[in-house]
Amino acid sequence: MSDRQENRSRLEPAVRPKLGVFKFASCDGCQLSLLNLEDELLALGETLDIAYFPEASSSMREGPYDIALVEGSVTTPEDAHRILAVREQARVLITIGACATAGGIQALRNWADVEAFKQTVYPSPQYVQSLSTSTPISEHVRVDFELPGCPIDKTQLLQVIGDLTAGVHPRLPTHSVCLDCKRRGIVCVMVAKGLACLGPATRTGCGAICPSLGRDCYGCFGPAEGAVHGPTVPPNTTSLAKQFHHELHLIPAEVLRRFRGINGYARPFHDESRAWDPAERSECRRDEAPDA
Amino acid sequence: MPEQPRDERTIKVDMIARVEGEGALRVTVKDGTVLDCELRIFEPPRFFEAFLQGRHYQEVPDLVARICGICPVAYQMSAVHALEQIFGIRVSEPLRELRRLLYCGEWIESHALHVYLLQAPDFLGYDSGIAMAKDHGPAVARGLRIKKAGNALMTLLGGRSVHPVSVQVGGFSRVPTRPELLGLRDELCWARDAAADTIRWVAGFDVPDLQPGYTCVALHPSDEYPMNEGPIVSSSGVELPATEFERHFSETQAPYSTALQCTLHGETYLVGPLARVNLNARHLSPLAAQVLSDTGISLPLRNPFHGILARGVEILYAFEEALRLIDRYEPPPMAAEPVTVRPGTGMACTEAPRGILYHRFTVDADGLIREAKIVPPTSQNQGRIEQDLRLFMPGLLHLPDDGVARGCERVIRCYDPCISCATHFLRLDLRREGRA
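Note that the protein sequences, when read in sequence, are chains A and B.
Residues in the first sequence are numbered from 1 upward in steps of one, following my numbering.
Residues in the second sequence are numbered from 293 upward in steps of one, following my numbering.
Worth flagging that the hints you see were computed from the coordinates, not collected in a lab.
Heads up, a few of these hints could be off.
Claimed, not checked - Under the rule of at most 35 Å between Cα atoms (straight-line distance), these lysine-lysine pairs were calculated in the DSBU-like manner:
hint: 1; chain 1: B; residue 1: 665; chain 2: A; residue 2: 193
hint: 2; chain 1: A; residue 1: 242; chain 2: A; residue 2: 193
hint: 3; chain 1: A; residue 1: 18; chain 2: B; residue 2: 426
hint: 4; chain 1: A; residue 1: 182; chain 2: A; residue 2: 242
hint: 5; chain 1: A; residue 1: 193; chain 2: A; residue 2: 182
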């Protein structure tokens, strides 16, 4: 992120920053992470002026908001308009979670025929309004900071809100889950159990919970970013995919599914899954998303 | 909107707060009678049943959890039970009990959220739980600590409370040690007593009079309070296994909603805590039964506003049950039963915090999902909510528009609707015709 962008996402230390929480297509789990801050919630209500948070309060005050937290992806024509209005009202717009940051699990439609999807789920598909894609907020409007995770980690959320209210640009670690396991001495599930773990390519933030519970990481926090120092680089998904295929004997369809999951529309995972798609019909409809 | 005659009134509320989901309500009133009532759900469709097709059965617990951040375990439980039916797996008793323990955690966090942060503000006259804390600090603090205890249980078993990661077809990726579980004991004991206080607290709320004739539907195991097992029964005398669900319950789609509505033999019915307590009261734990009885409120509960009481009772039950399960816990020999894939179709119903949740999967010989069907509790309650609004609304019509709207929201919140399961903005559009 450039210095110019960083300046934009820095708040003046206000007396009580005004908060709005907005939902798009999602499961509510990231908003719930805010309410799951049981020890901090009431203090947070003092520090912040919670002006708009329909899941928690009937009092809904209009913007502008100092901080807008946006959960969910854009999947309907109405929501493609609504996000523009949210952006206009927000000094700092933060996406919370995999849906808002990468399109979410519902972005699996981006490789499918949505009309067929409607017919699978609804007896009267003509009543259902839906875009053919599920897209991250950043494909529609400028986003000041992105919190990854499905769900987000509530302490990361607290840290970002704390940084913003202190007038500091938030920073979160971007290294891989794999490093967390090494540091904590968690037995490698790929080496010990032969599981196709996405930990080497997935960003830290969850606490390496999957390997610590004896299973493979499945990519909730999206792609890791390169080294701690120096320019950020995407994870080496190509090498990891080859490992899955050659060493763990996953067939191409299985390699594809590993990357096309919760964060399947995030660029590095998206590109890797395409490389393993034999049908070559995987050109995802990125071009249909409205311009940012 | 069509042009409105001068003797009509239209009331709009852009959004009903403190529910999980996105929808709207349209009501037309003429001469004091509700002509039409549509609960419109605008949850942007996410097409889970469609994109599950072609995924591997092992991915299903991770995928279906994402339907709902508040009740992910419910989706995981219904899914693994349906898939295990296909593969002919019966998990060992300790695994069965661990699943029950995980479910206890989810019932607690979901119910405590609703009782303390979403619905109690209605009874005490606040916009939110946070605002309520200014005058009712100790009560809100109690609720948050109860909720945290439920989340702690889920986090121990599943790694985190939102979208836990350890649930697998056949069991868990890892089971806890006895000392780990015993480490939660003190806090669960505190929370059990706090849950009893919760029941006494909500039993003192002033409840509006509303007595619809409900058909209650819940699971009904012969020997325990329902969570993961048991036939589906109704207060109208229906009893059937989950495999028969689709022959008796049917889903229809209204043009105004992206959630399907479910009926039993063509009639609306009620699922969730109130229905469960009414149908399974004899299996409540000793303290839960006693504290409920001490309130002087007799069963069956017929007023939807007593849903908050039923949630309180189930919070207490879940803590007592969690303590019982922890005290008898011995780690199972295997964290998960071995799975041999075979093609077939399986169905299962489990008790999500908001009521029965039905799943049906068809799997092929490679273990890939060929077909998926999911019926969440909120779509089952939707018809019931509309009927309750029809009953409740005439008593509100003397009020100014915003009073009518608030009253309708209160009714809707009784059901703790999870529109994400079925989302988030409920807009009341009230049309008044004639003398209303």
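Structure-based check of all given hints:
Our distance criterion of 35 Å between C-alpha atoms is met by residue 665 of chain B and residue 193 of chain A, whose separation comes to about 33 Å. Restraint check for residue 242 of chain A and residue 193 of chain A: the C-alpha separation of about 18 Å stays at or below 35 Å, so the hint holds. Our distance criterion of 35 Å between C-alpha atoms is met by residue 18 of chain A and residue 426 of chain B, whose separation comes to about 19 Å. About 22 Å separates the Cα atoms of residue 182 of chain A and residue 242 of chain A, which keeps this hinted pair within 35 Å; it holds.
Using a Cα cut-off of 35 Å, the hinted pair residue 193 of chain A and residue 182 of chain A holds, with the two alpha carbons roughly 16 Å apart.
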